[in-house]
Amino acid sequence: MVDAWQVLAGIGDPEIPVVSITELGIVREVAQRPGSVEVAITPTYSGCPAMQAIEEEIVNRLQQAGYGEVKVKTVLAPAWSTDWITPAARDKLKQFGIAPPGRVNLFPRSVACPRCGSARTERVSEFGSTACKAHYRCLECLEPFDYFKPL
Amino acid sequence: MDSSTCELALRMGDNALILGQRLAEWLGHGPQLEEDIAAANIALDLIGQARLWLSLAGRLEGRGRDEDALAYLRDQHEFRNCTMVELPNGDYAFTIVRRTLFDAYQRVLLERLAGGADEGFAAIAAKSKKEADYHWRHSADWTLRFGDGTEESHRRAQDALDRLWGYTHELFAPDAADPEADALRGPWLELVGPVLKQATLTIPADRAFLSGGKRGVHSEHLGYILAEMQFLQRAYPGARW
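Protein sequence lines correspond, in order, to chains A and B. The opening residue of the first sequence carries number 45 in the working numbering; numbering runs sequentially from there. The opening residue of the second sequence carries number 95 in the working numbering; numbering runs sequentially from there.
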């Protein structure tokens, strides 16, 4: 049977499918027992509507992989942080057109454009297309882009 | 479990739920697209937080009520949100100034709860605090722009502050559920004061007025919110999709 972590690593985030839920740090713990498995996940934002979809996908995929009983529990502490996003996932975000989050710090000096790399960018809005992103614009290549907010 | 802990969890949940509901009213009506989206995002955070707090309150209460039962099946006098969050949105300046006052309160209160001994409270508070920091950045920024903007925007922001200030006293009135509430007023003023000053707004004189939302004594406005929010569950009990 395929290792449960490996199965979970194949599940993309519903809103940013290029990165997996394990790379984002959403999966906190996996307890495997013969014939069953319990997965602990943590929400990114309190109101993130993707959490329920993620939960259902975890159950589906693990059952398909032969795990009979699959339980998903939500843990809140420690609170999820963008610092948990892996370096590989940060590269994938950038290639997808989303500026990866800087270190957790409420006032980053500048955000580099994920397309042309210029640091000459400006924030259009603190809130973007999903709870986890802000809306930016590059003053060099003039393209708008999303910034994954440090949290 | 003593009832004052449950009471505090209810207050946290109801504040987030009712303000989230109010912010959701801006959807499709925001002054610009970005603000429409910001209101939706902040409302979503708040309703997510409300779900966590109300679930906790239900467990502490121990009568088998879950987040949905608490949100959809309680009557007006059972809601424990402060009166400020239930007031109608008014214009955008009123919406923003209210959030500036409330977001600052959330930041200092959540900070205290995040460092507290109760693990259930601390976990939700630590998570919510990170979101509240972003909410505050947004509302404080707009208060600056309105207050220190045009004559018209300044007038509207000052008018909002004049009408809202009296409702802030309730936040710091200590009682059995939160005996240390008054200790938060200093840190709160340290956040709010400099922003209002920079926005060239004048803090109005304190008057002898104390709203009673957190004790369940609400303004006439809460009933209308509940009528809209609870209609489906009241008309079709147990309806699901």
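No lab work stands behind these hints, which were simulated from the structure alone. Each hint should be verified, as a subset may be incorrect.
[What the hints assert, rightly or not] The calculated label-pair distances, taken between Cβ atoms and stated as ranges, are:
#1 A:Ala-97 with B:Pro-298: 23 to 29 Å
#2 B:His-315 with A:Gln-50: 26 to 32 Å
#3 B:Gly-306 with A:Gly-110: 26 to 32 Å
#4 A:Gln-50 with B:Ile-297: 56 to 62 Å
#5 A:Gln-96 with B:Gly-210: 41 to 47 Å
#6 B:Gly-156 with A:Ala-75: 49 to 55 Å
#7 A:Glu-82 with B:Tyr-166: 28 to 34 Å
#8 A:Asp-135 with B:Asp-256: 49 to 55 Å
#9 A:Pro-188 with B:Ala-299: 41 to 47 Å
#10 B:Ala-270 with A:Arg-72: 48 to 54 Å
[What the hints assert, rightly or not] A partial selection of chain A residues facing chain B, derived with a Cβ cut-off under 8 Å:
#11 Gln-76
#12 Gly-79
#13 Ser-80
#14 Cys-92
#15 Ala-123
#16 Cys-160
#17 Val-168
#18 Ser-169
#19 Glu-170
#20 Gly-172
#21 Leu-183
#22 Lys-193
Note that beta-carbon positions come from the ideal geometry of N, C-alpha and C, so glycine has one too.
Is the interface hint for Glu-170 (chain A) satisfied, with its Cβ closer than 8 Å to some Cβ of chain B? holds (5 Å)
Using the Cβ atoms, figure out if Ala-270 (chain B) sits within 48 to 54 Å of Arg-72 (chain A). Since the Cβ atoms of Ala-270 (chain B) and Arg-72 (chain A) sit about 36 Å apart, the hinted range of 48 to 54 Å is violated.
Beta-carbon spacing of Gln-50 (chain A) to Ile-297 (chain B) - inside the hinted bounds 56 to 62 Å or not: holds (59 Å)
Would the stated hint for Ala-123 (chain A) survive a check requiring a Cβ distance to chain B of less than 8 Å? holds (4 Å)
Please check whether Ala-97 (chain A) and Pro-298 (chain B) have a Cβ separation lying inside 23 to 29 Å. violated (47 Å)
Given a hint of 49 to 55 Å, does the C-beta separation of Gly-156 (chain B) and Ala-75 (chain A) actually sit inside it? With a Cβ separation near 28 Å, Gly-156 (chain B) and Ala-75 (chain A) fall outside 49 to 55 Å, so the hint is violated.
Can you verify the interface hint for Cys-160 (chain A): is its Cβ closer than 8 Å to any Cβ in chain B? violated (23 Å)
Holds or violated: the hint that Val-168 (chain A) contacts chain B, with Cβ atoms closer than 8 Å. Since chain B brings a Cβ to about 6 Å from Val-168 (chain A), closer than 8 Å, the hint holds.
Under 8 Å is the threshold here; is the Cβ of Gln-76 (chain A) close enough to any Cβ of chain B for the hint to stand? Interface hint status for Gln-76 (chain A): violated (25 Å vs cutoff 8 Å).
Honestly, do Pro-188 (chain A) and Ala-299 (chain B) meet the 41 to 47 Å range at C-beta? Once the Cβ atoms are compared, 46 Å apart, the range 41 to 47 Å for Ala-299 (chain B) and Pro-188 (chain A) holds.
Determine whether the Cβ-Cβ distance between His-315 (chain B) and Gln-50 (chain A) falls within the hinted range of 26 to 32 Å. violated (53 Å)
Let's test the interface hint: is any C-beta of chain B closer than 8 Å to that of Gly-172 (chain A)? Check passed: Cβ of Gly-172 (chain A) comes within 7 Å of chain B, closer than 8 Å.
Of the numbered hints listed earlier, those contradicted by the structure are 1, 2, 3, 5, 6, 10, 11, 12, 13, 16, 21.
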